[in-house]
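Put chain B on the given structure of chain A with help from the hints.
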Amino acid sequence: MERRSAGIEAINFYGGSTYVDVTELAQYRQLDNERFANLLMHEKSVALPFEDPVSFAVNAAKPLVDALAPEDRDRIEMLITCTESGIDFGKSISTYVHDHLGLSRNCRLFEVKNACFSGTAGFQNAVNFVLSQVSPGAKALVVATDMARFRVAEGGDALSEDWSFAEPSGGAGAVAMLVSDTPHIFSVDVGANGSYGYEVMDTCRPVPDSEAGNADLSLMSYLDCCEAAYRAYERRVDGVDYRTTFDYLSFHTPFGGMVKGAHRTMMRRICKAKAPAVEEDFGRRVAPGLAYCQRVGNIMGGTVFLNLLSTIAHGDFDAPRRIGIFSYGSGCCSEFYSGVATQGSRHRVRAMGIDKVLDDRYRLSIEQYLRLMKENDVIAFGTRNVELQLDVVPEVLDSIRGTGRLVLERINEFHREYAWI
Amino acid sequence: MSQDQIFQTLKEVFVDVVPEVEIDRITLQDSMRDLGANSIDRAEIITETMEQLDIAVPMVSFAEARNIGDIVAVLAGEGA
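Taken in order, these protein sequences are the chains called A and B.
In terms of my numbering, the first sequence is residues 1 to 421.
In terms of my numbering, the second sequence is residues 1001 to 1080.
Just chain B, same shape as in the assembly:
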């Protein structure tokens, strides 16, 4: 699965969970925290993205992720 496809899904899920953010504003360099997602939101966004893409990765793999690009990389199986 391409990183673009993962990023697109993640963005759609993100604005579903945090509606205050406009989808076009989200970049790979942003951290979910800086965009206003708290720890519960962040976990929900990752879980839901995995569900939609049918990916299963242990959640602790994302603990070191510093921005959305890192999360996308983990989801794509390329590590953070």
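Just chain A, with the same shape it has in the complex:
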């Protein structure tokens, strides 16, 4: 049989217009700073009140779509939005994204959810669509878009304990990926997937605009899945060796410290490695993927792909490199899979200018951050009518004017209306 290829043809990230320094935030919230450093968090992106999962998704995807010739753009036959920050139980975010990107109407639109696993769920769906060859040459656009909601659900001990780290780690961002049979960025190892899922109540969004969770349980579940998904992969792929098969490892990154812990656990359990070897391996195979994540925070569905982007941007690709990916979403579902990136992938990723996008974000003071958080109430889930005020923090508005980004202008009888700024 002819060898079929599929994977990421193009990828882009939108990480908002503003950020806060999380060490400063942790100090302000009086979190235990003594051991905060080993959580490996630096900055987190903050969504503005007039930004929502739709505007984030469009801002991530637009450069990819604009770069396509019209005939190629019309080959986007599936658009999947992946999110746990939905704005409607029925209507999919993908419909708005489709509209603002000007895609062909002969396109399948839907949304998927499974906490932070949503991005992988959407991606694998797209990969299988391409591999199936039901429409040869067709492309799928997958956009993982999420933003943290900061009001922790009140009441109940089990689901709020140690939840204070959720605020410094919860970011905002969207990753858009064009999936096709010309995978210039990342070519998947077809059939090399190990899944592991089971019911667990670790973190969730049981009410609108809020989160609840048991951070310890979530960490433990993540660690169990990390090994179990890899073991499932191992059973399917001949001769795989955790230490040597993968030149890089991209983990879902709620925060850097969690990945460091998971990597250490895997190296201890699977490779029986000692501390110095674990540290060296971490620096070489894992750290390149954390660079962007540490500046953005957890963007849930898109996080694992932000890590992949960071790995490709910061790794050494003199020769093609195999990257092992571990994706986890609370609730829970996880998957270990892999693929190959090349020097060409690195050039293309670096051309997207992610570093500049992050550098150009406006740094919020704690006071400005708190003002924005308060303002978020105006677009609470279920808002029927509202006009968004764009100048809540005037300095921020000045910093994004003329960037050509999409912002939410108003909600009119539940319908969201956007404008290019």
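The set of hints was computed from the structure by calculation and includes no laboratory data.
Treat the hints with caution; some may be incorrect.
[Said to hold, decoys possible] Computed list of lysine-lysine pairs in DSS-like fashion (alpha-carbon distance at most 27 Å, straight line):
id	chain 1	residue 1	chain 2	residue 2
1	A	K91	A	K113
2	B	K1011	A	K274
3	A	K272	B	K1011
Relative to chain A, chain B alone:
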């Protein structure tokens, strides 16, 4: 394996990960959190203790543990 042996190993691992704590201060009634270990530290301590004792228990089994005694009990196969 005796609970004493597990407790002794866990204490040694604990002070390796959180050097600010003196080993003799650690009791079965203490919670690792109160001794200054954050969630990442706690997971590391449990993983490393299991490695040293050659025990394999799903990590989620420890989520309900309220103190070191509970963790030792899970490791000894007696539930939390």
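Notebook entry, point to check: Given the hinted pair A/K272 and B/K1011, is their alpha-carbon gap at most 27 Å?
Noted result: holds (21 Å)
Margin query: Please verify whether A/K91 and A/K113 have alpha carbons no more than 27 Å apart.
Written below: Since the Cα atoms of A/K91 and A/K113 sit roughly 13 Å apart, the hinted pair holds (cutoff 27 Å).
Next item on the list: For the pair we were handed, B/K1011 and A/K274, check the Cα-Cα distance against 27 Å.
Entry: Roughly 19 Å between the alpha carbons, so the hint for B/K1011 and A/K274 holds.
Checked against the numbered hints above, the structure breaks none of them.
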